[in-house]
Each structure stands twice: as C-alpha cells, then as structure tokens.
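Asker: Here the protein sequences line up with chains A and B, keeping their order.
Each number in my numbering corresponds to the 1-based position in the first sequence with 2 added.
Each number in my numbering corresponds to the 1-based position in the second sequence with 4 added.
If you're looking for bench data, these hints aren't it; they were derived computationally from the structure.
One or more of the hints may lead you astray.
Dumping the calculated DMTMM-like pairs for lysine to aspartate or glutamate here, alpha-carbon to alpha-carbon at most 20 Å [stated by the list, open to error]:
1. 206(A) / 648(B)
2. 608(B) / 104(A)
3. 351(B) / 442(B)
4. 210(A) / 648(B)
5. 619(B) / 220(B)
6. 101(A) / 606(B)
7. 505(B) / 286(A)
This is what each chain is made of:
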Amino acid sequence: MTISFKQIEEKLKTEAKRLLESGQVSVVLAYGKGYDEKHPMPYVARNPSDVANIVFNEYCNYNMARYLVRYPAGTKIAVAVKAADSRAVIQLIQEEKVKREDLVLLGIPVYGMKNPKTQEIIDGKTTGGLYNPVLYDILLGDEVHGQAIQLPYDVLAAYESMDKEVRFAFWKKEFDKCIRCYACRKACPMCYCDPCFIDQNKPKWGDKSPKFHGNLMYHLTRFHHLAGRCIDCGECSRACPVDIPLYLFHKKVARECEEMFGQAAGMSIEDKPALVNFRVDDSDKILE
Amino acid sequence: MSRIGVFVCHCGLNIAKTVRVSELAELAATLPDVVVAKDYKFMCSTPGQEMIVNDIKQHKLDRIIVTACSPLMHEQTFRKVLAASGLNQYLLTIVNIREQVSWVTHDIEEGTTKAKALLNGAVYRARLLAPLTSRVIDVNPNVMVVGGGIAGIQAALELANTGKKVYLVEKNSTIGGHMAQFDKTFPTLDCSACILTPKMDAVLQHKNITMMTSCEVSEVKGFVGNFDITVRQKARYVDHSKCNACLACTEKCPGKGISEWDEGLVKRKAIYIPFPQAVPQKPIIDKESCTFFKKGKCRLCEKACEQKAIDFEQQDTFVQVKVGAVILATGFDLMDTKPLVQYGYGKYPGVYNALEVERLFNSAGPTGGKVTLRDGSEPKSIALLHCIGSRDKNNHEHCSRVCCMYSLKFAHLFKEKTSADVYQFYIDMRAAGKGYEEFYNRIIEEDVKFIRGKGARVTQSADEPGRLVVEAEDTITGKFIKLPVDMVVLSPAIVPRADSKDVARLFNLSTDKQGFFMERHPKLAPLSTMSEGIFIAGVCQSPKDIPDTVAQAYGAAAEALTIVVKDKMELEATTAMVNPASCCGCQNCVRVCPYGAPGFNETKRVSEINEALCKGCGLCASVCPTSAIIARHFTNDQVLAEMEGLMEF
C-alpha cells in the first residue's frame, strides 16, 4: 500500500468545503501553498472559496493543533490531524484548552512524511511510531496497516548509552548553538502559556541572553514543563534553525513518565494529565 | 527598608551543643536590614520573650526572626509576642535550627554553617514579608466519631453528654468492636459484655448520637471546624425503619456464611445479626452467602417478614454529614499468621489465634463457652505462644502490649474450664499496669508453667497422631525443648486495619513505620494529628489495653470539644490567591488541590480559590503554568529571595 497524497488533498478539500458551506465550522486548519512544493505553510480556510488553496504532500509536517488555542472559546474548528497531531488535540482536551464538541477532526492516516531540510523520512523518529490518528471524526483515506512500526523510543538507544559526562557535553554543545529564537516554543502545540516563564521579569526565572546557562535554564525548564505532555510530533526539532535535537530529551522524559504513570500523553480523552493528577497507585519511584 | 531583629536561641545545650550560637548572632548583625541580633539561653522563656518585646519598642523593629526549634513548637508563642507589641504576627520568621540542624549532626562546623545559611535565607525572605490578616470562620458544632468499638463508643457518649451532636460511623452492622468479642477482661476478670453492652445501649438511646452502622466514610472535604464528609451507607437489604427485630427471617434462612464474629469458627445464616446483644439488633443480608443473590431464587426471609422490611433492591446510598471535628477510633486487625508457616496456623486444626480462643471462652460463642478442640474433645495440654509476629524484626518490631496479659487471662480461664496443663512460652513478661503484676503473681500460683523462650516451631507429633509438638529454647536452662500438646494458642501481632492507609489518605493523616496513625507529638499531643480537627483514640494509634483506650477516648472527646465548643475560629492567613489577568484556565490547580479549594469560573474562564478551604500548601502555585497563583506568605519573590540567601553559603 502506498499513500496517495493527492487523494488525501482532494478529500481534505471536499470535507473542508462541505464543513464551511454547511456552517458546521467557521475555521478549517489545514495546509496551504508555500513558496515551493517543499515548503507548504499552515493555512486557515475561513470561506468555502479559500479551500482551493489547501494542499497536502509529504512535507506537510506542521502540527495544526498548535493553532487551536488561538481562537476564542466556543469557536467551531475543523482541524487536519495526522497521528501525533491528534494526540496533541487529545492532550489539549485533557488540559481543558479546547472542547471536544467544538472540534471536527479530519484524520489523516499517513506515513513517509519527510523533513524538507534533510529529505529524511521522519516516521518513528519523531511521530511516536503511529501512522493513524488516535482520534478523528472523518478519516481522509484508509487506515494504514502492515507498515513496519518503528517504536517511539528506539531512537533513544544511542542517547541512553552515553554516560553522564558525555551526555552533559552533548547538551552543552547543542545548547551553545541556541539563539533563543523560541521557534521550538512557537511550533509546540503544548506551549501555550502566556506569559511563558522565560518571558517573566518578576521573578526573573532565567537569563534571556543566548548564552549557555540561560539556554540550559530555558530548555531544561521547558523539557520539564512538557513532561507527561509532549506528544512527540517533533515539530520543535524541525522548527529549530540550528538543528538542536530537542526530541531526544522530550522522548527520554516521555518514556520515564510513561513507565512511571502507565500512560503516554494524548492517547485517551479519559486520561488526566499525569503530573497534575493524584492517583493512589501512582509510582513512588521518584522518592526512592 | 525594614528593621529586622534576629533572636538566636540556645535551647539550653540542645542547639548550642552543635551550633556556635554567638557566631550566628554576630553574623546576623552584619546582614542587610538587621538592626539588632542577640542570642539567649531560652528564647521561649518569659525573660526571652520580654527581651523581644523590649527590642521591638527600643529599636522600632518591624520584622522578627527567631532561630530556634521547629515552628510546630513555638511559632504560636512568638506570634503572640509580636501581636502584643503591636506588630502583625505574620512578620515573624522561625528558622528551625534544632530539629533541622543541631539534632541531625554531631559536627559543630557543619551545624554552624547550615544554621548560617538558613538564617541568611530567612533574612532575605523576611525583608519581603507582608502583613496578613487572619480569617475568622464559623465552626460547626457537631462531631463525627469513626469506629464503633469501645474507644468510639466512649468518645461519642462523652461528647453527646456535653450536648453536642455526634455521628458514630461503624462499618460493621453492629457497634461493639473487638471488645464485644471478648469473654473476660484482664486483670479483674469482669465479663466484657457486662461492662460493654450498657454503653452500647446508651449509644442507641442517646438523643444526641446518630448511629450509622454498615457505613464507611468515602470522602472528606473541608477543614477544621467545617468538615463536609460523605458517608456511604452500604446496602443492608433490610429496611431498618420497618424491621421490628423479631428475627423470624433468620430462622427460615437456608444460606450459610462464615461467621466473622466467631472468627470463622462456625457458620451463620445469610440474614443475621452478629451476636445476641448486637446494637442495633436488626439483621442484614450478606450478599455473598444469600441464596437469592447467588441463585436468583429463595426469598424465604421475605415471606417470613411480616413487616415487609426485606428489600432486595436496596442500593448503597451516600449521606452528607457536616461536622466541626472528627475522632478516628478505627481499631486494629490481628496479623495473619498463616504466612508464618512454622507455627502451622491454618494447617493444623489444633492451632488457634487469640481472638478465636476468646470466642471459645464466650458463652455466646460457637461452643457455648466450653473449651473444646475442633474435633469436640477437651484439650489435655495447652501451649500459649507469645509474640507471634511482634517483637520480631522480620515481621513487626513493635510490642503488641496486651498479649502477655491476655495470655495470663487465657491461662486462668483454661485452668478454670478444663483440667489441662497450661504452658506459657514467653520472651519477657510485660505486666506494667494497675493490678497487672498482681494478676501475674496470681496466675503463677495457679500452677501455670512458664517457659522463658519464644516458641520457634509447631509440628505434628510423630508418635501420637493429632497431637502437636512445640519446639523452643528454654533460655533459663539453655536447653532445647520439645513439648507435646493438644492445643496451641498464638498471640499474633496487633497490626493496623488492612484499610488504614486508605483511611489515613481520606483524612490526610500520616502513619508511622508500622502503619498506625501518627500523632502530632508522641508525648504532648498523643491524640491530635497533623491534620487539624482530626483526633485519634485507641489502638488505631498504637496497641494498647482497654483502660488506656478508654482514657484516650475521654481525651479525644475533650480535644474535639475544644474546637466545637467555640462558634468562631481563626484560620491561618497563608492562603493562595489567583491573579485573574494571568490565569490561562488550564485548571491544574483544581486537579491538584487536596482540599478542593480552587474552582473554575466558567463565565470568566479563570480559576478562583475558596479561601475558607485553602490550607496554604502551595501546590496550586507550583503547578500554575503562568504564575497566576500567588501563595501568600510564600510568594515567588519571597521564596526566591530565601533560596538566594541559602545559596550564598
């Protein structure tokens, strides 16, 4: 089975048009043309006539769940979601940022998505090893079955084999590169805090200049704030202009959270966010 | 700019032994905004307090730091000093250099350095403290007592007699607890039922007591003075408002269940009252053993009941109870001795545990008070094994306190009711209590054989089938002995209730190493807990005998009364507040709060904190992603300043 991107694009257009015409939603979050085929852009269709601009190809990596929290509560929104994106939607619902009844999820079952910068296929590496959306209302295509599954934490093997010093040196090198453009924060569907801790002045939680210690403070705190919430879409790492492999740390934390609390982020609407929910059977491993 | 006074306490040598207190005061004098710094032998003494009062006047101090013991001990003392001098009491900072410094080190260098760091942090924080106003709230005058054993009964009666309304919650179908299972009580050998049942009846008759049997607490909300407790009334399948206790139903019932009351020695009906003097004397149906619930037909009890009180459709219901204080008297379980395979409990029919033997002696018990083995024969020789699972590092380190005495009581009753030889296998005889040593001497006279050595193993006799052999080391003669007997009585460790952890969680209590409820202070506040307004009495705190349990019940009743006797009470001002402009509406605070203080305002889409419920723990502030929640007295600025001060050392 191969994925027909054209077919998905057509279906996306048809459904978007139908939803906007019927007035079921006032906004459709999907993908639009960029300056070339390799660089599509996030696109918001508000009128049926906008739908013609919608595209879908193997470079449409953007996690459109990122834009949900921008709309006033109660806005009816249709959003195109791939596997990891649907997890972001679920996590946002768990965190009471959006309501399930306000959303129409246009599920996209897909594999073979590519990083436009490197041409590398990103399946497994940063999409949680899933091909089918976890939650959707309308599925734009057939569910993917039989595709080799790359487990989400497999890419950690090399990282975990580093010892403490090597690991610190690794992050020292990576964080030294950081220019504090905050693209990772902008791309992340779970980074919706306003103001973000790093932007606060009283108290000033961390240094804002792009130097190692401030960078370390920013990234470590962000990793920590995403513990149990990161849905592994990999957008932070792709958005990074200096190619810091942020996904490695996120995955490491996600794995520990999953082992400790028995739930991965954004897999079920019924779950409660692991770190702000007290359960009697919660692991005490952290105290040992 | 603030004017800080630092007062360093020696606490005799408690602190001065491992912290150089004068050096601490010297350092304090050099810190920013510190106007006066002194050290004194006992800061909590009257001269110590007067020194603070005078310095506040003389130096116009507006922040006071006392480096002394835990704030649990003397925070209130020093707050009163500030208030008396016209300062807001929240401008006091206590630095704990005793429990957290001097008592945890032998090294004076280490102690002094840590104390300096803590003091430096406290000075930094104190500069940013703001005056706060305490809240005054109404107090609910009612009290809940959880557990209907002798402790609960006594506490409930005491409180009810003062005119307060008491809710007595009991999970079984009758009150009475373990004491109702006993036959005689040591050392006076008066009959347990004779002294207990009048009290049970008094509970039933008392107009101020609402008895809630077959009930369990399922949720606790609120705080001292205003608890809002949800109680689950378990389905009894008998409408007690209609039942006239004729017990015709129990005669017809074909169901067979295991009698919990008789420790599983006999069967009981599926519709039953546990024992003849049960209160209330109305039956319940045990769903597990009821033929109708198991097979879908029978309903013989329904036919027998003229009052039409049987209701197979009955469901669990939930009752809301509002009280000002709670007394927990949830009692104990006996350790399950089956895993201690060396004693053969559950394997050899001749091995009994202590509660089973209590039932054998009891005239309302399975044998009508006759001491017979499971095969109906009378034992010719009996071994009583002390300390099974207790005083044992592999199981429970604690002494169960009553086993020595009840084993003596058993010995006496065995001698009275049988012609058997009775052997006590003990580690030490512990007979501390009024009349206990005398009782011990009396039993020695009764030709009971005492062997100083813990029973090591019980095996089946190879020569005489059916007989048991107790193996032990007689530590007086140093010889190993093997004693053939007919009956072995184990004295298992007294352990916390199996669900005590759940109860502790419900009421926000801590438990000690063994799982018993932790008291606020082992000597000076043995009935209070770390949760204000929650008191404990009886064996749920630690193993004890009936006199001590009853004494604790009186004490707990008095403690509860100190709260509910007032109409109003003052609460800490250290609560959290939401800055609605920064609130992002994630409701993390709503989810993490153990007291249910934050709520979500759907129209404004922001969280709001009910200050009456807030205990100021700061959990909400720590999970707030936008720092919209400010924990008063522990604001971000204050905490960060303190950390900065700490890290300078």
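Asker: Determine for every hint whether it applies to the structure shown.
Answerer: Hints versus structure:
Restraint check for residue 206(A) and residue 648(B): satisfied, since their Cα atoms lie roughly 13 Å apart, inside the 20 Å limit. Restraint check: the Cα-Cα separation between residue 608(B) and residue 104(A) comes to about 19 Å, which is no more than 20 Å; the hinted pair holds. Simply put, residue 351(B) and residue 442(B) have alpha-carbon atoms about 37 Å apart, too far for the 20 Å limit, and the pair is violated. The straight-line distance between the Cα atoms of residue 210(A) and residue 648(B) is roughly 19 Å, inside the 20 Å bound, and the hint therefore holds.
For the hint linking residue 619(B) to residue 220(B), the alpha-carbon distance of about 25 Å lies beyond 20 Å, and the restraint is violated. Pair hint residue 101(A) plus residue 606(B) holds up; C-alpha atoms about 13 Å apart against a cutoff of 20 Å. Taken as a hint, the residue 505(B) and residue 286(A) pair is honoured in the structure, with Cα atoms around 15 Å apart against an allowance of 20 Å.
In this structure, the hints that do not hold are numbers 3, 5, in rising order.
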